[in-house]
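S.K.: Read off the chains here:
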Amino acid sequence: MDEMKWTALEAGRRIRAHEIGVEELTKACLDEIKKTNDTYHSFITICEQEAMAQAKKVQKGIDDGTLTSPLAGVPMAVKDNMCTKGIETTCASKILTGFRPFYSSTAVHRLEEAGAVILGKLNMDEFAMGSTSETSFYGPVVNPWGEQRSPGGSSGGSAAAVAAQQVFYTLGSDTGGSIRQPASFCGVTGLKPTYGAVSRYGLIAYASSLDQIGPVGKNVEDIAEVLHIISGHDPKDSTSVDAPAIKTVLTGDIQGMRIGIPKEYFGEGLQKDVKDRVLEAAKKLEELGAVVEEFSMPEIDYAIPTYYIIACAEASSNLSRFDGVKYGYAPTEYKDLTDLYYKARSQGFGMEVKRRIMIGAFVLSSGYYDAYYKKALQVKAVIKQSFDRAFEKFDCILSPTAPTTALRLGESLSDPLKMYLGDIYTVSVNLAGLPSLVVPCGFDCEGLPVGLQLTGKAFSESTLLNAGYAYQQATQYHKITPFAAGKEA
Amino acid sequence: MKITDEMIDYIGILARLRLEEDEKESAKVEMEKIINYMDKLNEVDTTGIEAMSHAFPVKNVFRKDEVRPSVPRDEIIANAPRKKDGCFQVPKTVE
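If you read the protein sequences in the order shown, they are chains A and B.
Numbered per the numbering used here, the first sequence spans residues 2 to 490.
Numbered per the numbering used here, the second sequence spans residues 23 to 117.
Isolated chain B, as found in the complex:
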């Protein structure tokens, strides 16, 4: 498969990553090599084989609905680059 400029731009939008022009060129070349290598899986006949997300069966894990103290708010926001009045601060998102 050929990885085009449009594809790289589209993937950039999905991944919220903006590449510099030179990064974009090398990303195109490397991704094409890697994706083409991944196409090797087409050699495997997987008709009727169920997709396996976990190697062992996973099940829902429930616990009792008990009131417990949560982590103090100031500890949680202590690492935020910007905070205000005990909240994470972000740019205005609605006009």
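Excised from the complex, chain A in its bound form:
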């Protein structure tokens, strides 16, 4: 349908101009989702009743002038690891099946206050652990760019739903690349904000020191507006930074912006088409006035082991709360309390989650703590220092998002280490707590999207968004949909 092609801001403008009603647009989205969800499996839960009720309420708010956000009335959807009051929140895991939170996460709550209409909860890797959205208990998400392709992960549903034009924008979460890599694989725009910029209150924790909520959308303007709504201090998250919401004025002027290209990011293992597209994007930014220069960042070699040690350690601790007592899945028969714990966890978690909990328990165990966990925290400091040095010279760092375009479904599940290695360009950003933007920058020889990653210093979201905006003003890649490119729905 034509309205599904609108950007989020365009949808908002048309709502305010009374060209379309919020209920009408919500209904159109719901129809589209119901029609196409069997194809993409991007949604775990569709909340039609709640969405229609909110649409009615929001229309009233717009009409009486109480709701003035440019995104008021615009339908969207949320990754299923963010609590939504009264709406089932599963983390794509059997162990949380049936869980209906009694509160909403701050990011969701702020969007609702601004008049967002939430259509449902998006599929993902179980507990956000995975890079393909295949570890979901509810089955894999399919990339709209090819039925045999993974949308990436863990926010695969968040990226696929935008690419498939089911909703106007989504929320995802990024612990080691989980917003950026799916955005790259699905040809959409995604932002991982600075650690602490968006409240994590109500985000079901995977690795608390790395997790961050962020927007996925059709272009930079849309996600800049979403960021404005969801960012800013929240007393309910003690790591939330005491700063106002991030408001970006997009000028498209990047004259003199210093962009660094780490040469180690373009070495062995990088698909040629990806390398070519990303370097072409660098050229384009140079034409637009940026000063692009190569530099060295050899610490990237250590990013993956450091990330997986820290993330798994935190996961093993965070996921100890799933015990079959407070919520979710519990076995029907058990001998005693310990047996209840064992059975709830062993039957409730999928294999990748079990693997990461066990790696975490191992690296934290007596005798191995210093060699693995403490060592990883030290190398994390080394990686952070190398970013600090880079940002003395550059305003942002340009790189590929992933070594390849969208992987074939099924090809990563058999070899977890191989899947982990695909996170090479994204994980160090989380270790250093930095903001990072992904915008579409072309296609490989099979017509699959490639994403450009721009990483900045802490709280430089506006700089990154402005660079992305300048790039999208000068290119058309973000406007090309799988349907326009000839892919069948």
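In case anyone wonders, no lab produced these hints; they're calculated from the structure.
You may find that some hints are simply not true.
Cross-link-like lysine to aspartate or glutamate pairs, in silico, EDC-like; alpha carbons within 16 Å at most [to be verified]:
1. 480(A) <-> 11(A)
2. 458(A) <-> 416(A)
3. 375(A) <-> 61(B)
4. 273(A) <-> 445(A)
5. 81(B) <-> 238(A)
6. 62(B) <-> 371(A)
7. 24(B) <-> 52(B)
8. 55(B) <-> 353(A)
9. 327(A) <-> 97(B)
10. 114(B) <-> 334(A)
11. 264(A) <-> 281(A)
12. 86(A) <-> 96(B)
13. 50(B) <-> 27(B)
14. 86(A) <-> 51(A)
15. 50(B) <-> 353(A)
16. 62(B) <-> 302(A)
17. 24(B) <-> 47(B)
18. 114(B) <-> 302(A)
19. 385(A) <-> 72(B)
20. 375(A) <-> 42(B)
21. 419(A) <-> 269(A)
22. 46(B) <-> 28(B)
23. 50(B) <-> 416(A)
24. 237(A) <-> 88(B)
25. 57(A) <-> 114(A)
26. 480(A) <-> 3(A)
27. 46(B) <-> 353(A)
28. 458(A) <-> 389(A)
29. 58(A) <-> 25(A)
30. 62(B) <-> 300(A)
31. 285(A) <-> 254(A)
32. 284(A) <-> 294(A)
33. 327(A) <-> 96(B)
34. 375(A) <-> 65(B)
35. 86(A) <-> 113(A)
36. 344(A) <-> 97(B)
37. 344(A) <-> 45(B)
38. 86(A) <-> 97(B)
Place chain B on chain A using the hints.
M.R.: Chain B alone, transformed into the frame defined by chain A:
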């Protein structure tokens, strides 16, 4: 490093996870590959470098000690698989 059956069993106890025999075999193989890959960090000289838990300094966050309503008990236990008399219900833990 070699991951042995004893290690997998011990980690299972720490993590409160009981693996089936076939799961255990593949967990052993995969974990060994992953842990050996993690040993790559030994190449980095970290003498004198302080372990960094957060990328930015975190500080204690205090708020005023004010009386506020808490979440109603029935809302909190609504999701419990087993409940009784407004409490979470668990198997008997003391004889």
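S.K.: Now tell me if each hint is right for this structure.
M.R.: Against the structure, the hints come out as follows:
1. 480(A) <-> 11(A): Cα-Cα ~14 Å, so holds.
2. 458(A) <-> 416(A): Violated, at about 34 Å.
3. 375(A) <-> 61(B): Given pair residue 375(A), residue 61(B) holds - Cα atoms ~13 Å apart, limit 16 Å.
4. 273(A) <-> 445(A): Given that 16 Å is the threshold and the Cα spacing comes to 9 Å, the pair holds.
5. 81(B) <-> 238(A): Roughly 12 Å between the alpha carbons, so the hint for residue 81(B) and residue 238(A) holds.
6. 62(B) <-> 371(A): holds, 15 Å
7. 24(B) <-> 52(B): holds, 11 Å
8. 55(B) <-> 353(A): holds, 15 Å
9. 327(A) <-> 97(B): The hint holds at about 12 Å.
10. 114(B) <-> 334(A): holds, 14 Å
11. 264(A) <-> 281(A): holds, 15 Å
12. 86(A) <-> 96(B): Given pair residue 86(A), residue 96(B) holds - Cα atoms ~15 Å apart, limit 16 Å.
13. 50(B) <-> 27(B): Status holds; Cα separation ~8 Å.
14. 86(A) <-> 51(A): Holds - the C-alpha atoms of residue 51(A) and residue 86(A) are around 11 Å apart, at most 16 Å.
15. 50(B) <-> 353(A): With Cα atoms ~13 Å apart, residue 50(B) and residue 353(A) stay inside 16 Å; holds.
16. 62(B) <-> 302(A): Since the Cα atoms of residue 62(B) and residue 302(A) sit roughly 9 Å apart, the hinted pair holds (cutoff 16 Å).
17. 24(B) <-> 47(B): holds, 13 Å
18. 114(B) <-> 302(A): violated, 51 Å
19. 385(A) <-> 72(B): Distance ~12 Å between residue 385(A) and residue 72(B) Cα, so the pair holds.
20. 375(A) <-> 42(B): violated, 31 Å
21. 419(A) <-> 269(A): holds, 15 Å
22. 46(B) <-> 28(B): holds, 11 Å
23. 50(B) <-> 416(A): holds, 13 Å
24. 237(A) <-> 88(B): holds, 15 Å
25. 57(A) <-> 114(A): holds, 14 Å
26. 480(A) <-> 3(A): Since the Cα atoms of residue 480(A) and residue 3(A) sit roughly 14 Å apart, the hinted pair holds (cutoff 16 Å).
27. 46(B) <-> 353(A): With Cα atoms ~13 Å apart, residue 46(B) and residue 353(A) stay inside 16 Å; holds.
28. 458(A) <-> 389(A): holds, 8 Å
29. 58(A) <-> 25(A): holds, 13 Å
30. 62(B) <-> 300(A): Roughly 12 Å separates the two Cα atoms, so the pair holds.
31. 285(A) <-> 254(A): This hinted pair holds, its Cα atoms lying about 13 Å apart.
32. 284(A) <-> 294(A): Since the Cα atoms of residue 284(A) and residue 294(A) sit roughly 11 Å apart, the hinted pair holds (cutoff 16 Å).
33. 327(A) <-> 96(B): It holds: about 12 Å lies between the C-alpha atoms, which stays within 16 Å.
34. 375(A) <-> 65(B): OK: residue 375(A) and residue 65(B) at ~15 Å, within 16 Å.
35. 86(A) <-> 113(A): holds, 11 Å
36. 344(A) <-> 97(B): This hinted pair is violated, its Cα atoms lying about 26 Å apart.
37. 344(A) <-> 45(B): Holds, because 15 Å separates the two Cα atoms, which is no more than 16 Å.
38. 86(A) <-> 97(B): The hint holds at about 11 Å.
Checked against the numbered hints given earlier, this structure breaks hints 2, 18, 20 and 36; the rest are met.
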